[in-house]
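Engineer: Please model the entire structure based on the sequences and the hints provided.
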Amino acid sequence: MAHFPKPSEGSWTEHYPELGTGPVNYEDSISPEFYELERKAIFNRTWLNVGRVEQVPRAGRYFTKELSCAGTSVIIVRDKDGGVRGFHNICRHRGNKLVWNDFPNEETSGTCRQFTCKYHGWRYDLDGSLTFVQQESEFFDLDKDDYGLVAVQTEVWEGFIFVNLDPSNTTSVKEYLGEFGAGLEGYPFGEMTQVYKYRAKVGSNWKLFIDAFAEFYHAPVLHAKQATDDESRKLQGYGFEALSYVIDGPHGMVSSWGGMAPPKDPSMVKPIENVLRSGLFGPWDRPDIAGLDPLPGAVNPARSPNWGIDSFVLFPNFMLLVWAPGWYLTYHYWPTSHNSHIFEGTLYFVPPKDATDRLRQELAAVTFKEYALQDGNTLEATQTMIESRAVTEFPLNDQEILLRHLHRTARRYVADHEKSGTPVAVPAVR
Amino acid sequence: MNPVLPPEFADLEPFADWCLHSEAERYAKRLASSMGELQSFYDAAFPRLEQILVYLDALPLDDLPDDARLLLELSYSLVNVSFPVEVWRQPRVPDSGAASMDAVVEPAV
Ligand code: FES
Ligand SMILES: [Fe+2]
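Those protein sequence lines, which keep their order, are chains A and B.
Take any residue in the first sequence, note its place counting from 1, add 19, and you have its number in this note's numbering.
Take any residue in the second sequence, note its place counting from 1, add 1037, and you have its number in this note's numbering.
Honestly, the hints are just simulated from the structure, not real lab data.
This list has only true hints and no planted wrong ones.
Using 27 Å as the maximum straight-line C-alpha spacing, the simulated DSS-like pairs for lysine-lysine come out as follows: (1) A:Lys163 x A:Lys99; (2) B:Lys1066 x A:Lys216; (3) A:Lys116 x A:Lys99; (4) A:Lys116 x A:Lys216; (5) A:Lys116 x A:Lys220; (6) B:Lys1066 x A:Lys220.
Covered by chain A, according to a simulated footprint, are these stretches of chain B (three or more residues, beta-carbon under 8 Å): (7) 1081-1093; (8) 1113-1125; (9) 1140-1146.
It should be emphasised that the depicted structure is a prediction, and the values quoted were computed from it without experimental measurement.
Virtual Cβ for every residue (Gly too), placed ideally from N, Cα, C.
Structural biologist: Put into structure tokens, the structure is as follows:
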């Protein structure tokens, strides 16, 4: 029995006819060749969210981001005029990685007046200009103006810092984020500065973990043991139905009902959740800040009184989850090969006013990790079995519409890129 | 050993080794503990949680005296072991195999 109405076509999937309803081929998740094409067609061409403005609060604050998926590392820095800039993390002298600590492949952050190369001491201002060359007179006609850091297109949307590695890109990040971007503007992201960030190496294609978080069809089953026994049986009986799905360009979103926040039946809640008034859906009581009521237009598109959480899948590898109790969560999936990636889950809360608030947030963060560990562990097993190619096509149901859309979008980006025939650069022989 | 917790919570002194600053330390201790150890910590600390909240809420969160800060850290550990004790009946998340997930950013206090 359907609990929530579907579009007049009879299903969410058929509402977007270009998606089709047939089984989906997962070759895009197991082929090393396809991954190489994704690097060129997707990760080197679309806007990638690499962080938040709170990570660079003052001039000279910087962080680095390793983008193996795009074959580079970038430096994000707050310049002296208050702007946020991005550069390829490479020294113009002889190519040393400019900013790193101890381990060149690990991300780092800090504060500086200028960037100094560890190799021969060339120095760069926060705006990227080359300011000092060791033994400059030994060089031949070296004009420092010609050797500034190589800038990367960098834009900020609602405090989220994005880079685009395609120098010929002409789409702003705002335009790229389309109707979801516009409909999320005004959400008080900037008030939610209490951060918990988790990172995990996952042995699967990056899209498989998005799959796991872009459908809740699995939740009553995979996470059965999370709930108390009665709750668990009840949830499995219902199955899962979303309130709404929306697709806009390469992006998609699922809007879901409120689960356990606050729980309708307190006896179904774990003892510590009862005492702290918090759990998977976050602290049960909304923080007292502006901007949460009314919520911006893209949130709770069904305008349901039972709304609990919206998950935005922003192509390619960024998910933004907005929770009814007034906090948000981001997921990032950074591919490192066709069958591995680094997953990052980051929780953002309004800073706690007392220890009770703090412990409520701690419980939400700990609970997130318990779930994510379960979610992540099924993936390596899935990856290995899909790689067997014993089965190549999989039937996706209507609650898995975002997966159908994601894989189709990845295939389309690759196909379009191939068609546009961007010539492979062949080094000139002289 | 010298008491480290506020005198009102002297009964929790035997569990002062759960006063751990980082999530990584708390999680590692959880995984290294038997269910018996987790249960006895939980059984001692959980009934005191409401009093802990009242005690700590009277103090400024960003400027806690040392004994209160340690009590808060012990409470974080209680939160961390609540899943094994209340739900999993084992220290590790079921079906999580060798998967691990590191806290790379967490609040200073
Ligand atoms: S490589 Fe940076 S100064 Fe030589
Ligand atoms: Fe899940």
